[in-house]
Structure formats: structure tokens, C-alpha cells
Amino acid sequence: YNGQTYWLSANIKSLSGNRIKIPSWINLAAGYGANGLLTGNPGNVWHDKNNVEHDFSIVKRYRQFYISPDIDLTRIKTKHKGLKFFFKIANCVKFPMPAVEYNKVQGVKWHWLKF
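For the sequence shown, counting from 1, position 16 maps to 61 in the working numbering; every step adds exactly one.
Please keep in mind that the hints were generated in silico from the structure rather than gathered at the bench.
Hints may be right or wrong, so weigh each one.
Here are the simulated DSS-like cross-link-like pairs (lysine-lysine), alpha carbons at most 30 Å apart as the crow flies [to be verified]:
no.	residue 1	residue 2
1	LYS139	LYS58
2	LYS66	LYS105
3	LYS105	LYS58
4	LYS129	LYS58
5	LYS66	LYS139
6	LYS139	LYS122
Just the calculated beta-carbon pair ranges, DEER-fashion [stated by the list, open to error]:
no.	residue 1	residue 2	range
7	ASN95	ASN56	51 to 59 Å
8	TRP157	ILE134	22 to 30 Å
9	TRP157	TRP91	30 to 38 Å
10	ARG64	HIS125	56 to 64 Å
Since we're looking at a predicted model, the values are computed, not measured.
Just so you know, even glycine gets a beta-carbon here, dropped at the ideal spot from N, CA and C.
The whole structure should be built from the sequences, with the hints applied where relevant.
Following this line, the structure appears as C-alpha cells:
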């Protein structure tokens, strides 16, 4: 869907079999999004119920690919029960930052915060 980004986050340390010496709470996230999807039609042209044509073909449709570090809050070690609970709840919402985007229209872009 237009304006939405889907993320997949993986734990680097787990994937490497604990061979990489980094904190266990650091993940690597890959994202996919799209922009310019104004209609379900490939050309961004449609007719309304009165058969009036709406032509937004000037708006380019393009895919977006992202890569970003991510933090898995549930892997941060703490003995404080309140913090453990907070980390578990807060971990449901991801804010990969910073993120690098690639798309065919603008090339490579930098985002301090991308969600």
C-alpha cells in the first residue's frame, strides 16, 4: 500500500551462531515500501462514477528498499521488573534508525528515523 513500509528484523548475533562480538540486542532490519500508488491501476488514471477521467499519470510509482540497524529491547538485560515489562511492550513498535533507502526515482537516501 502507498506510504506503508514493512520491516523484517533479524538478530545478527543469533544468525552468526554467536561468532560475532556485538551486543545481543542489536538487530539488522530490511524494509520494503512503495510510493505513488494512487490507484489500483498501473497508470494512476481512473474514472469516477460519472465517468470523469482523473489522470495522475505524472506521479511516478516506485518501490523503496531499506536497510537499518534495529534494537531488540527484550534482549537488554535488566533485573528491574518494571523495565522488563516496559521493554516488552515498547518492543512491539519498531523505529529503525538511521535507515538507508534505495529507489529508482531518487537513488540512495538517508533517513535519521524511518517507520
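Hints versus structure:
1. As the CA atoms of LYS139 and LYS58 are separated by approximately 19 Å, the hinted pair is consistent with the 30 Å bound.
2. The hinted pair formed by LYS66 and LYS105 fails the criterion: a straight-line CA distance of about 43 Å is larger than 30 Å.
3. A C-alpha spacing of about 39 Å is found between LYS105 and LYS58, which places the hinted pair above 30 Å, so the restraint is violated.
4. Restraint check for LYS129 and LYS58: the C-alpha separation of about 21 Å stays at or below 30 Å, so the hint holds.
5. The hinted pair formed by LYS66 and LYS139 meets the criterion: a straight-line CA distance of about 24 Å does not exceed 30 Å.
6. At most 30 Å may separate the alpha-carbon atoms for a hinted pair to count; LYS139 and LYS122 meet this at roughly 19 Å.
7. For the hinted restraint 51 to 59 Å between ASN95 and ASN56, the CB-CB distance of approximately 54 Å keeps it satisfied.
8. Remark: the range hint 22 to 30 Å for TRP157 to ILE134 is upheld by a beta-carbon distance near 24 Å.
9. For TRP157 and TRP91, the hinted distance range of 30 to 38 Å is satisfied, since their beta carbons lie about 36 Å from each other.
10. Between ARG64 and HIS125 the beta carbons are some 30 Å apart, a value that contradicts the proposed interval 56 to 64 Å.
Checked against the numbered hints given earlier, the structure breaks hints 2, 3, 10 and satisfies all the rest.
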